[in-house]
Structures are given as structure tokens and as C-alpha cells.
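Student: Since the structure of chain A is provided, determine the placement of chain B on it from the hints.
Taken in sequence, the protein lines are chains A and B.
Taking our numbering as reference, the numbering of the first sequence is continuous, increasing by one, and the terminal residue is 361.
Taking our numbering as reference, the numbering of the second sequence is continuous, increasing by one, and the terminal residue is 935.
Hints listed in this document are in silico derivations from the structure and should not be mistaken for laboratory results.
From the three backbone atoms N, C-alpha and C, an ideal C-beta is built for every residue, glycine too.
Hints may be right or wrong, so weigh each one.
Unchecked claim - Just so you have them, the derived chain B footprint on chain A, three or more residues with Cβ under 8 Å:
#, region
1, 159-173
2, 188-197
3, 208-216
4, 236-244
Claimed, not checked - Partial list, derived from the structure: chain B residues whose beta carbon lies under 8 Å from chain A:
#, residue
5, N567
6, Q613
7, G697
8, T707
9, G760
10, E773
11, K775
12, Q907
13, A908
14, S913
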Amino acid sequence: MHQSPSNAMRHVYGWLLLTPAAILLIAFTHFPTLATIYESSFSKGNLIRPSRFIGITNYESMLEDPIFWKVLINNFWFAVGTIPASVALAIAMALLVNRALPGRPFLRLAYFTPTILPMIAVANIWLFFYSPDIGLIDQILGWFGFPGHNWLGDPATVLPAIIVMTIWKEAGFFMIFYLAALQNLPPELEEAAKLEGASRWYYFRRVIFPLLMPTTLFVLINAVLNSFKLVDHLFVLTKGGPNNASNLLLYYIYENAFSYFDTNYAATLTVVLLAILAVVALAQFFLFDRRIHYR
Amino acid sequence: MFAKTRKTLTRLAMAACFSTVAVVAQASTELTMYYPVAVGGPLTKIVDGLVADFMKENPDIKANAIYAGNYNDARIKALAALKAGEPAQLSVMFSIDIYELIEQDAIVAFDDIVSTSEEKAWLESFYPTLMQNGRTAGKTWGIPFQRSTIVMYYNKDAFRAAGLDPENPPATWNELVEVGKKLTKADGSQWGAMIPSTGYPYWMFGALTMQNDQVLMNNAGDTTYFDAPATVEALEFWKNLGSKHKVMPEGTIEWGTLRKNFLEGKTAIMWHSTGNLTVVKKKAKFDFGVAMLPASKRRGTPTGGGNFYIFKKTTPEERVAAMKLIKFMTSPERSAEWSMKTGYMGVSPAAYETQKLQDYVKGFPYAAVARDQLEFATAELSTFQTGRVRKLLDDAIQAALTGSKTPAAALQEAQAQAKRLLKPYR
Chain A
67 MHQSPSNAMR HVYGWLLLTP AAILLIAFTH FPTLATIYES SFSKGNLIRP
117 SRFIGITNYE SMLEDPIFWK VLINNFWFAV GTIPASVALA IAMALLVNRA
167 LPGRPFLRLA YFTPTILPMI AVANIWLFFY SPDIGLIDQI LGWFGFPGHN
217 WLGDPATVLP AIIVMTIWKE AGFFMIFYLA ALQNLPPELE EAAKLEGASR
267 WYYFRRVIFP LLMPTTLFVL INAVLNSFKL VDHLFVLTKG GPNNASNLLL
317 YYIYENAFSY FDTNYAATLT VVLLAILAVV ALAQFFLFDR RIHYR
Chain B
510 MFAKTRKTLT RLAMAACFST VAVVAQASTE LTMYYPVAVG GPLTKIVDGL
560 VADFMKENPD IKANAIYAGN YNDARIKALA ALKAGEPAQL SVMFSIDIYE
610 LIEQDAIVAF DDIVSTSEEK AWLESFYPTL MQNGRTAGKT WGIPFQRSTI
660 VMYYNKDAFR AAGLDPENPP ATWNELVEVG KKLTKADGSQ WGAMIPSTGY
710 PYWMFGALTM QNDQVLMNNA GDTTYFDAPA TVEALEFWKN LGSKHKVMPE
760 GTIEWGTLRK NFLEGKTAIM WHSTGNLTVV KKKAKFDFGV AMLPASKRRG
810 TPTGGGNFYI FKKTTPEERV AAMKLIKFMT SPERSAEWSM KTGYMGVSPA
860 AYETQKLQDY VKGFPYAAVA RDQLEFATAE LSTFQTGRVR KLLDDAIQAA
910 LTGSKTPAAA LQEAQAQAKR LLKPYR
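Bound conformation, chain A alone:
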């Protein structure tokens, strides 16, 4: 059958419209991903031994690398520690500043301030909060007679210390999304709930929270991504130490690529990171999608 020229033109026109976005996606997303996978199947090259194809050997040595497992477990606890706490805190803060309060703009700003600051600046501030004896935390504890603690120098406390800082940094950011969502809720719902004699908690649990689910999905995905990609603070605070107690996957990738110049092993680790993020994001979309009421 003969295709009408106008129809063919429509196709060309459509593809032309898609081209800019497609070029960007391919150049900055798809090509790097494929290049990473390709790189990960080669050995590290140097003057003595040039790089050569070694198949999955990098992956095998990764599975035997104790630091890889260490950073993976650390990352798991980092995610578990930061995500629920920062999301819960964000909802609580949003509910608080959504009410009529004196000085509400200032309160909102105060909650949002940590988000405005760059992570490196935040880490520099907290480095002094956490420093033993002279730090803010130890000085406050000192008033109550507690001895100083080496927060960042003790493998048992270093990861929790970083988790607390990250929650402080992230909750304000998520609060903004919840605040916007709360302001979109029709006020009739609250009036209706009051008429029916529902308690505040019941109203939150049965009305507000379900209506916030689209926001929660968005925030959760962001929180999960952040728990894997936010490592700026490690450069300032701990460099992954002591003895990798606070090392995270992305920081370990950085170390391999730039401190050890082992870009091939770094590529191997990056493939793992990509796989984890893809699985988590897909799982969230499939699991949550059914429970979310988009209006």
C-alpha cells in the first residue's frame, strides 16, 4: 500500500522532535551504562601489562573482596537508618508548619536551611560538632557530666553519627514536598472528619496519609537514591574510616577509580550499584503503584 507523503512527513517530524532528548539520553545515560559494563570486563592496564579482556574475573574478585561486602552492608544500614527516619521527620515537620503558627515562615525556613547548605559545608560544620571534647555535642554532654566520646573515631558510633547528620540534612528537603501536598488537600475533608468525630490520629492515618502516598513514593525513591549517591560528607568527615567502618559503595568506587586508578574494578562496582538502584526503583514502582490513589 502506498503511504501518503503527509503521513511519512509526520513520522519524520515526530522523530525530529524526539532527537534532542534522545541524543541527550543516549549520550549521558545509555552510552555510559554500556561503556561501564564493557570496561568492567577488562583488567587494569599499566606500562608493564596492558589492559586485556578477562570476562567476569573482575566480578569474581569482587565477590572475594571483603571491603566490597563491608561497604555493601554499611550502605544497607545507612539506607535503613536514614530513609524511614528522614521521611517520618519530614511528615511531622510538614504537619507542624502547615498549621497556623506565629512566625510560621521562619519555622519553615529553619527546617529548610540544612537543605540549602552544600553537603561539604554541612560536613565541615558537623566535623566540629562531633570532634571529641571540643565539639558541640561533647560540650553539651559535658554539662550533664558525661565524658567526651570520639564519635567519628569509634567504629561503633561512626556510621550512626553520619546517619544522624544525613537525616538532619535530608528531612527539610522532603518536608517541602509534603508541605506542598498537604496544601493541596481540600479542607472539606478535615471538616467532614471532625463532623464524624474522628480523632486527629485516625484522620491522619485514614485520610491524610493515604492521600500523601504519591508524594511518599516520590520521596522514597529520592531517599533511596540519595542513600546510595550521597557520599560528599565522607570526603570531609571520615574518608570511609576508621578501617572502612563508614565506607559506602559509591565512595569505594571513587577510591578505586581515583586513588588506585583501577577504573576497571570501579566499573565493576558501578555495575553493581546500577543493578541495585534499578531493582529498588522497579520494586518500588510495582509494589506501591497498587496502593497509591492518584487523583
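Tutor: Chain B in isolation, oriented as in the chain A frame:
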């Protein structure tokens, strides 16, 4: 018609003339160098000032000095710039990056650049100890610039308050423990001593092992001695300062905040780079002293800091210009000025013979401690695969200090892995 053509030709000729002039004016060489700062303070301003002075003396060379973060960042930025085709002709980078830079085929040996006998003599004009990290395989690859050793800063007021002689700082490990016990206050408001164990733990450890008469690696950079009995003993001593003698906080001690701890009187003694000297001098509100590190079997410290390297991807003209810049920055006069402003060492004996540094040392004798200590100094840990090998040792040190492994076990593990990494290089 002819007239028109002639006019055009004249114009073209004129344009050609102008462009030739422009080319002549631009014939100056442009240099880009990256440099790191590891100890804070206004070092960037000082480097910028030195480079500006250089350009005043050499108007045909335009030098851009780019601050590039700490030593790691500087190496990453310089190498990334090279790979991306950005021009960088020389850089100050970690003296211990030498093997990595050679392996990456990034730098050129100075022996292949110097031509005159005067220049060859210049290569020999620096302190030999400072050249240890810059020489391998019979060639010189790095010229010392911002070089340091570790020194012991101590709070004389705290010494007096504890009934100790402020002019007699601890000279041996035993004295350090004794003095430390007297200086440590039971309520935790003042510790006896602090040795930083983040950032550059292997560097501090290099001092302790040298004091125990043990080096950490061989000259060829292919063998480490992490599990030697004297190495283990040194780590045990470090750990015991915290866990047994209680003169130092347990766990790791932050490199970045240590100077503040010292300045606020939270520790009476700190081991730190000489690069801190001028800042401590300006900011200490108490009477402080600087001494060589104490001895176990002998005194000892590693040298540290940054060397000048010239990159391989350079034209002959650029190499000449780069050499001029390096010679200027390391000349006795400039090296003396640099040392006075920062606390880093003068890099050649001639620097300490300049009038201004002699006067300065007369008024402030601590400025010469690092130089005097050179006699006992050794090279900083540097091997092939240096990033990984260093990290192995760092992790072992931190594991021992935080009590998650015994010093012996941690070091044996590190040694076994280092051996595996270095096998192909032997």
C-alpha cells in the same frame, strides 16, 4: 579593476602584518600548574604571590597556578586534565605519587630535561633526604617544594602547670608516656598527647617505625615490611598510648581538627606536619614549643609533602619555561620566604643560608627544627600500587587503634595483601 585588486592585496598584507605582530606578542609560553594544600591556612595566597613575582621577572611566561584541593584531589585533577587533553605542563603533587605517575607514563625525568652542567649541579643542590621520594630507577622525577617532616608541638604553659620543665620536652618513648601521664587531667579536659590517625595514618606510623629503627618499604618500591617485629612493636606502642597508658584518646584522632584541639588546650602535645608551624605561631594564645619527635631506638620521621613534576606531554619550549618556574620557586630566596610564611622546610641548605631565613631562625629557633630533624628522616611510604598499599596500612592502623584487631594480626593481614599486590613488580 587592477586598483581594486591592489587595494585588496594591501589590505591582506596589512592584516598579515598585524597577525604577525599578534603572534609575536603571544609567543610567550603559557604554563598551567596544579598545586595542593594539605594543612589549611592562607597557603593559596602565598603560592599566588610567588607565581605573580615569577611572572614579573619573566614577562614572556604566563603561569596559571590552580589550587586543586588536597594531595589526592590535586593528582586526580591533574591526571584527569591530562587525559581530557587540557594543557597542564607541571604540577605540585604528592612526593609519593612518583611510582603511580611513572606507571601512568605521565611525567618526564628531570635528567632528560637538564642540559647544562649548571642545571645538573642544581639537581644536586637540595637536601638528599628530600630527594629520596623523588628518585627511583636511577633518575630524578620530582623536585622538592612544599616539604615537611612531622614535629612535636607542645604547650609550655601546660608543662609548667604540671610541674614539668618546659625547655625539656620528652625525647624518648618512655619519657613521652611519663610526661603524658602528668599532663593528662582526670576529668578529660586535657590529654597528654595526640597523634592523628585519620587522613594520613601511614605517615605518622612511618615516624613511629623509623624511631623503632625500621623502614616500611624498600627503595625499589616493590617490597613492604608491615609485619616486621619492630613495625608491630611500633603499632603496639601507638595503641598503648590510648588503651594502656591513657595519655591519648582511644579510637582514631582526626587529622583535620587536631590543630584546633591543640590550640584550645585539649591536648598538651601534638604530632603534626611542620606545615602548621606558622599558623600555630600566629594563633596560639599560650607559650608553645616545637621539638623533634622522641626516640625509641633512634630518632626518626618520614619526610612528607609535595614535589614539582613536569608532564610528558609538553613541548620543548614549555619544558624550558616550566624549568624556569621550578627553579624560581625552589631558589634559596623563594624557598626561604615560603618557609617563613608557612612553616614548610627550606628545600636546600642554601635556603637556610639566606640572610632573611637566618634572621628569622635567630628570632624563632623552632623554624629550624624540621631541618635539624632531616638528619634522622627517611622517605615517606611509597610503592607501586601506592594508593592501595597505603590504604591497606591505613586500615590496619585504624583497625588496631580502634581495637577491632590486634596490631600483629592487622599488620600481618596488610602485609600479605601488599605482597600479593606487589608481586608483579618484582
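Student: Taking the hints in turn, state whether each one holds.
Tutor: Evaluation of the provided hints:
Check result for the region 159-173 of chain A against chain B: violated, 0 residues qualifying (beta carbon to beta carbon below 8 Å, three or more required). Residues of the region 188-197 of chain A lying with their CB closer than 8 Å to a CB of chain B number 3, which satisfies the three-residue condition for coverage. Remark: the region 208-216 of chain A is confirmed as covered by chain B, as 3 of its residues place a Cβ nearer than 8 Å to a Cβ of that chain, reaching the required three. Note: the region 236-244 of chain A has 0 residues with beta-carbon separation from chain B under 8 Å; the three-residue rule is not met and the coverage is violated.
Checking N567 (chain B) against chain A by beta carbon gives a least distance of about 34 Å; that is not within 8 Å, so the hint is violated. Contact between Q613 (chain B) and chain A, as hinted, is supported at the beta carbon level, the nearest pair being about 7 Å apart and thus within 8 Å. For G697 (chain B), the shortest C-beta to C-beta distance to chain A is roughly 5 Å, which falls under 8 Å, so the interface hint holds. About 6 Å separates the beta-carbon of T707 (chain B) from the nearest beta-carbon of chain A, less than 8 Å, and the hint is met.
With 8 Å as the threshold, the beta carbon of G760 (chain B) comes within range of chain A, its nearest partner Cβ sitting at about 3 Å, so the hint holds. Given hint, E773 (chain B) at the interface with chain A, holds; its Cβ is 5 Å from that chain's nearest Cβ, closer than 8 Å. Below 8 Å, beta-carbon pairs count as interface contacts, and K775 (chain B) has one with chain A at about 5 Å; its hint therefore holds. Restraint check, Q907 (chain B) versus chain A: the minimum CB separation of about 4 Å is within 8 Å; hint holds.
Annotation: A908 (chain B) was flagged as interfacial toward chain A, and the flag holds, the nearest CB pair being 4 Å apart, inside 8 Å. The interface hint given for S913 (chain B) holds, since its Cβ lies 6 Å from the closest Cβ of chain A, which is under the 8 Å cut-off.
Violated hints, in rising order: 1, 4 and 5; the structure is consistent with all others.
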